[in-house]
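Engineer: Heads up: the sequence lines are chains A and B, in that order.
Numbering-wise, numbering that gives the first Met the number 0 puts 13 at position 14 of the first sequence, and it's gapless, one number per residue.
Numbering-wise, numbering that gives the first Met the number 0 puts 87 at position 88 of the second sequence, and it's gapless, one number per residue.
Just so you know, these hints were derived from the structure itself, not from any lab.
Here the structure is a predicted model, which means the values were calculated and not measured.
Beta carbons: idealized from backbone N, C-alpha and C, even for Gly.
Hints may contain errors.
Said to hold, decoys possible - Reference listing, derived: stretches of chain B covered by chain A, where coverage requires no fewer than 3 residues with Cβ under 8 Å from a Cβ of chain A: (1) 18-32; (2) 53-63; (3) 87-99.
Stated by the list, open to error - The following residues of chain A were derived to be distant from chain B, with all beta-carbon distances above 12 Å: (4) 23; (5) 92; (6) 111.
Each chain, letter by letter, is given below.
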Amino acid sequence: MSVGTTLRLTGALLRKDVRVAARSRETALLVLLFAVLCVLIFAFGFLREGAVAAEVVPGVLWVTLQFASTVALLRLFAAEEEAGALELALRSVAGPAPLFFSKALMQLLFSGMVTALVLPMVLVFFDATRIPLGATLAALALGLVGQALVGTLVSGLMVRVQMRDVLLPLVLYPILTPSLIAGVKVTAISIAGGSTEVIGTWLSLMVVFDAVFVLASPWLYARASTP
Amino acid sequence: MSGEPLLRATGIAAAMDRRYVLLDLDVSLHPGEIVAIAGPNGAGKTTLLRVLEGVRRPERGEVRLGGVPMHEASAASLARRVGVIGHHTGLYLDLSAVENLRLFATLAGRDLDAAAALAILADVGLARADACRPVRHYSRGMAQRAALARLLATGADIWLLDEPSTGLDREGCALLHRLLRDAADAGRALCVVSHDPALLEVADRVLHLVAGRLQAEEAA
Chain A
0 MSVGTTLRLT GALLRKDVRV AARSRETALL VLLFAVLCVL IFAFGFLREG AVAAEVVPGV
60 LWVTLQFAST VALLRLFAAE EEAGALELAL RSVAGPAPLF FSKALMQLLF SGMVTALVLP
120 MVLVFFDATR IPLGATLAAL ALGLVGQALV GTLVSGLMVR VQMRDVLLPL VLYPILTPSL
180 IAGVKVTAIS IAGGSTEVIG TWLSLMVVFD AVFVLASPWL YARASTP
Chain B
0 MSGEPLLRAT GIAAAMDRRY VLLDLDVSLH PGEIVAIAGP NGAGKTTLLR VLEGVRRPER
60 GEVRLGGVPM HEASAASLAR RVGVIGHHTG LYLDLSAVEN LRLFATLAGR DLDAAAALAI
120 LADVGLARAD ACRPVRHYSR GMAQRAALAR LLATGADIWL LDEPSTGLDR EGCALLHRLL
180 RDAADAGRAL CVVSHDPALL EVADRVLHLV AGRLQAEEAA
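In isolation and in its complexed conformation, chain B is listed as follows (with noise of 0.2 Å):
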């Protein structure tokens, strides 16, 4: 992949309880790309995404956020390029997701009305009586949807995505490829953390890890 990747890991090592979980890892993230991250269980995937989202610093090595070492990167830099959809949806229960919609794309520096909520929402296949009612008493697979409406109404430029299809039926899986895919095809670079082969074909890389270390890479 050649031009300047939009979000770069050299040497990364992590520790938890004294055993390094990530060891002398380099990640590039370029723009019109999809990473999948695949290994077993342990091996380090979601640390990873956690150091590359920012909010986890590494014991060794550096991130870049468009050349800018990620821990001096502004706030609002932060805040409207990377986008994550983690273990959790991260949408308040208590709000419909047109209001979690709303409430992000503001953190994120963005005027987002009803209507392009709304909008946003149907693209990702929620209508507007669901959307419109508290995302407590969402199924998981609807709330998964919002997560990913979140992640369109923010407008970030870098997706990090840990298990992505996470309680999707097939047609929600369909959705999420074609998602991502769009959204490589926009411009932004993806990493994405799945166990789920079908996803793993989206991908244009696939990183292997085993024990913390890159194992193999496989272009698609």
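Isolated chain A, as found in the complex (with noise of 0.2 Å):
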């Protein structure tokens, strides 16, 4: 089947989602009053005699996000779920491809959805809205996109496993490591103004893991969703 109909596809099924999401919004405000908590309850744990300090901005970012990202997770499948159309999906014209970019796109609205809102949210309560952004944002999208890609894998093979919101994360999260170590590190570098060399290793690690999962992840999707 064509590049052009696995796309055509894809759309089709992205359109249908983000107007599932725009009906139901339960996902949507459950994701981002989660984000919210996260980055409060940090915020007061963090406090140290009355100040906050930046350098745990790296670790509060991205933690706030990987645990937010995860909720949505675990709701990207609910629509066929719900209606028992997980299977009549996977029976694309273009076989399970166009449902597993769907989602992976879907994943990173969510996910960049949270980021708009807990970004600026943890620069100013933390005390960080002067740091240079520019290495972190990068970060964040390929650390976002890393996520999306695996994320989506790990959900789709869950969705019929039992006890599927405790295995979820702990399947995802060793996978995510790498990814999630380079992140970590690239914001904190940018933070404290170290070299570009040492971020620009950190970035490549990222770019490498992306095309890594952008291959691996729909064929074993595909793999495991064909009887």
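Put the two chains together into one complex; each comes in its own frame, and the hints tell you how they fit.
Structural biologist: Written as structure tokens, this is what we have:
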């Protein structure tokens, strides 16, 4: 099946997901509320003598984004489960690929939305508004793409697994660890005013991570979804 | 029934929890034919339908779609040719029936505009106002009608239906019988799992399953 068909069907399924998310709103509200709570808890947790330290920003930012994105991942296939439509959506003229890519893009949309909310909150609450953001934004973009690809794969494979809510993070986080460490390092080095060469190395690692999973994830998903 | 079957399953055996739930079954679906599968609860009817659908690979035996082994059939061929109504209607609850029909037609490689979707939904007795409401607000019977419309929208030539009369009122059942007969007369091959005696009467052949084995076959 042609790339054009896959893209067209991915677009149709993504429009469906956006429409469903806009009408039910439950996942977006749940994820955003969770992210806000996380930042607030961290802000109070790291309060020392009436001030918070900017050096905790990398950890707080990345952990909040990972946790909030995981909440979205747990709901990623909810519409298919509720409708009993998973097998119908998998069986498109282009196979399971459009479903995988539409879900990964939807996850990216959710985590992008969370980032747009969480990043300014973290910078303000942790008194870090003057830090350079260029490298951090690049790392966030790469990290969220990697998380969407691996997360969609793991979430998709666990649709019918019991105790999925517990198992998903247990399987997901070890796989994401290289990308997560690299993201935290980029933010930390960037705040500390470290060398751009080192930042470049960590960003390259994230690019490689994403490149591996942009190829491996849809392939593995298609293999596992075909009887 | 003469001619090449659209779907043929031979020597099917399927196991669950180390116990065979289907054993040595042969089923063929010819164009223009309605085959009903009847039997008590736990006889293996739904499992057989899932094997025919290609979502469950049998432990033994083979299913062929137009002469090609099911597991070798292309995604395009499966999506275009096999239409299914299972225990769920398969409709997205936060989309309207029109939106559902257009989406599933797209996934099956067909273009369906809103007017054509509305016409199909009118054929199954769903008025325009209902067709444009989210499926979440439908009764079970209305959702079942919309699921039948989904089959029509995808243009599949093999229909596999599990208890399609679920939730339908008397008028809805009459509509279902007419739709099935029209679909068969149009050259489609249909396999229907049902306990409904009226629905079994619409079938050309009835296969009685007991404990995963074919106990009897009746021609109408």
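Engineer: Which hints, by number, does the structure contradict?
Structural biologist: Violated hints: 1, 4, 5; rest satisfied.
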